[in-house]
Amino acid sequence: MRKNGSEVDNFTIPTILKACAQVLMTRLGKEIHGFAIKNGLDGDAYVSNALIQMYSECGSLVSARYLFDEMPNRDVVSWSTMIRGYHKGGLLEEALEVMREMHFMNVRPSEVALISMVSLFTDVADVELGKAIHACVVRNCKDEKLGVAIATALIDMYSKCGNLAYAKQLFNRLNQNSVVSWTVMISGYIRCNEINEGIRLFAEMIEENVFPSEITILSLIIECGFVGDLQLGRWLHAYILRNGFEFSLAMANALVDMYGKCREIRSARTLFDGMKSKDVMIWNAVISAYAQAHCIDKAFELFIHMKVSKVRPNEVTMVGLLSLCTEAGALEMGKWLHTYIEKQGLEVDVILKTALVDMYAKCGDVNGAYRLFSEAIYRDICMWNAMMAGYGMHGCGEEALIFFIDMERSGVKPNDITFIGLLNACSHAGLVTEGKSVFDKMVHGLGLVPKIEHYGCMVDLLGRAGLLDEAHEMIKSMPLRPNMIVWGALLAASKLHKNPSMGEIAATQILEIEPQNYGYNVLMSNIYAVANRWNDVAGVRRVMKEIRVKKEPGFSSVEVNGLVHKFIRGGMVNWKS
DNA sequence: CAAGACTCGC
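Quick note: the first sequence, position 68, residue 68 per our numbering, numbers continuous.
Just so you know, not all the hints are guaranteed correct.
Straight line, CA to CA, 25 angstroms or less: simulated DSS-like cross-link-like pairs of lysine-lysine [to be verified]:
| no. | residue 1 | residue 2 |
| --- | --- | --- |
| 1 | Lys476 | Lys495 |
| 2 | Lys88 | Lys498 |
| 3 | Lys276 | Lys310 |
| 4 | Lys451 | Lys131 |
| 5 | Lys131 | Lys145 |
| 6 | Lys310 | Lys298 |
| 7 | Lys413 | Lys436 |
| 8 | Lys145 | Lys88 |
| 9 | Lys498 | Lys476 |
| 10 | Lys131 | Lys413 |
| 11 | Lys335 | Lys310 |
| 12 | Lys335 | Lys307 |
| 13 | Lys298 | Lys278 |
| 14 | Lys276 | Lys298 |
| 15 | Lys436 | Lys498 |
| 16 | Lys441 | Lys413 |
| 17 | Lys278 | Lys307 |
The hints are simulated quantities; they were obtained by calculation from the structure and are not laboratory data.
Please model the entire structure based on the sequences and the hints provided.
So this is what it looks like as structure tokens:
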């Protein structure tokens with residue numbers, strides 16, 4: 001296979017390319033690409049596939065796609081490499097699109113391709129689509145029995161989609177379960193908040209003489225963070241120490257992250273402080289732990305420390321800090337971060353760009369948001385959503401609707417969050433007719449099933465406009481069990497339009513769902529007071545005293561001249577940037 | 001075939 005007297009053949013090149021991908025050496029990979037072209041080796045499918053893989057693993061999906069599109073001799077591997085590339089890069093829509101094309105071109109997936117498709121659907125997390133891919137697997141497998149690998153992938157897919165029954169069925173059908181299948185099964189139970197069953201399975205696994213790997217423990221810790229189960233998280237922490245697991249940085253990161261998500265800052269901080277070597281990830285984890293606890297000052301303080309300790313902040317650090325600014329309405333601080341990003345030459349990907357757009361929009365600088373949005377080369381659905389929600393928040397409902405039309409024209413498909421933003425925009429701008437037609441378009445035009453949040457928006461929209469009866473009808477006729485937010489919207493509207501009888505209906509429902517909620521008890525007693533029903537007022541007050549409801553200290557903040565003033569129940573805390 | 005942080009809605 002020698003060409004032009006070269007010693008390098010088309011088996012050597014893919015091997016080197018794989019090595020490049022592993023250490024993320026795009027530059028060397030590109031040179032080898034050039035070399036392959038010069039030596040006429042780029043026509044070989046094996047070489048091209050390796051190039052696609054190298055580019056996609058190095059994050060250059062555009063280059064990968066270009067090669068893929070130009071390839072005259074695509075095989076199954078080319079298709080599955082492209083799908084995998086998009087999947088790993090988090091571009092799920094693109095991965096699905098390639099899958100559809102592959103199907104359309106009648107390319108029969110290999111087992112490897114099927115496994116990577118199933119794991120793609122694990123992240124898509126849609127039960128119905130998951131069942132479809134399961135059927136596809138069954139159709140394409142020659143053998144009666146599924147291989148262990150693909151069965152494990154399916155178990156993982158079903159449990160992450162929330163269908164534990166199917167997952168367990170497949171799990172039980174496997175005659176020899178590996179550490180991996182145990183890991184995905186137990187993780188699945190924790191993710192679905194079936195903690196006790198998860199713990200029981202963990203014990204069962206040990207009894208069967210299968211011992212957890214580092215990845216097993218890591219996965220379980222991550223799932224604890226996902227559902228906020230501090231107790232199990234703590235137990236796993238102790239388990240690592242007792243059983244001599246290596247306390248790697250990955251382990252520490254997972255634990256800090258879990259503690260942060262469980263709002264257990266102290267443990268997160270202690271663990272963080274105790275690590276001798278720290279990487280960007282653990283800094284980000286501890287910063288976001290403070291962020292989740294709304295400690296904006298602490299988070300920025302750590303950011304300063306981070307810079308001092310020679311660890312370079314990255315895009316993720318910036319996203320975390322920006323969303324804090326967004327939450328606090330701290331425009332000046334957000335702008336400062338924006339400048340910092342540019343000065344440091346940090347790569348601004350879609351996520352960071354969206355965080356910036358969102359920050360400008362929510363902090364009131366809609367023009368600034370639009371400037372960034374319009375100069376973006378690549379816009380995903382999240383960025384469009386941020387822009388529309390930003391307009392909606394400031395009462396610019398019409399602009400939001402125009403953006404929606406533009407978005408559809410540009411071929412980006414709306415999702416359920418898009419409609420929450422749009423319905424909110426209509427609600428704030430008092431566009432009742434438009435809001436109704438948006439809802440109608442979502443259900444009948446696009447076939448999306450409205451979630452409880454959408455009904456919440458509709459109740460808010462109708463209620464704000466004074467159509468209280470219509471709002472009430474909406475609640476009564478919806479196919480989902482109304483939650484606090486839905487009734488809360490009706491209650492707020494009743495208060496706004498001074499309708500105590502409707503308010504009572506809503507408040508009664510809310511107190512049934514959450515009797516210990518202090519805020520709603522106060523509202524309820526106010527409603528009774530307005531209606532001169534002093535016995536009922538006394539009743540509510542008594543209930544409040546009995547359950548000794550504890551209110552979390554709420555806070556609000558405002559930025560003046562680059563200073564963030566944080567108000568905690570009347571008191572005020574300053575923080576200087 | 002299992003793990004690693006971040007954006008959009010409430």
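To see whether the hints hold, each was checked on the structure:
Taking the CA atoms of Lys476 and Lys495, the gap is about 20 angstroms. The hint holds against a cut of 25 angstroms. The suggested pairing of Lys88 with Lys498 is violated, with an alpha-carbon distance near 53 angstroms, which exceeds 25 angstroms. A hinted pair counts as satisfied when its Cα atoms are at most 25 angstroms apart, and Lys276 with Lys310 qualifies at roughly 14 angstroms. Annotation: proposed proximity of Lys451 to Lys131 holds, straight-line Cα distance about 21 angstroms (limit 25 angstroms).
About 17 angstroms separates the Cα atoms of Lys131 and Lys145, which keeps this hinted pair within 25 angstroms; it holds. Of the pairs offered as hints, the one joining Lys310 and Lys298 holds, with about 19 angstroms between alpha carbons and a cut-off of 25 angstroms not exceeded. About 20 angstroms separates the Cα atoms of Lys413 and Lys436, which keeps this hinted pair within 25 angstroms; it holds. Taking the CA atoms of Lys145 and Lys88, the gap is near 28 angstroms; set against the 25 angstroms cutoff, the hint is violated.
Pair hint Lys498 plus Lys476 holds up; C-alpha atoms about 21 angstroms apart against a cutoff of 25 angstroms. Restraint check for Lys131 and Lys413: satisfied, since their Cα atoms lie roughly 23 angstroms apart, inside the 25 angstroms limit. With a C-alpha separation of about 23 angstroms, the suggested pairing of Lys335 with Lys310 holds against the 25 angstroms cut-off. Using a Cα cut-off of 25 angstroms, the hinted pair Lys335 and Lys307 holds, with the two alpha carbons roughly 18 angstroms apart.
Proximity of Lys298 to Lys278 is assessed by CA-CA distance (about 18 angstroms); at most 25 angstroms being required, the pair is judged to hold. Annotation: proposed proximity of Lys276 to Lys298 holds, straight-line Cα distance about 21 angstroms (limit 25 angstroms). Restraint check for Lys436 and Lys498: the C-alpha separation of about 24 angstroms stays at or below 25 angstroms, so the hint holds. For the hint pairing Lys441 with Lys413, the CA-to-CA distance comes to about 13 angstroms; that is within 25 angstroms, so the pair holds.
For the suggested pair Lys278 and Lys307, the alpha carbons sit about 13 angstroms apart, so the restraint of at most 25 angstroms is met.
The structure fails to meet hints 2, 8 from the earlier list, while all remaining hints are met.
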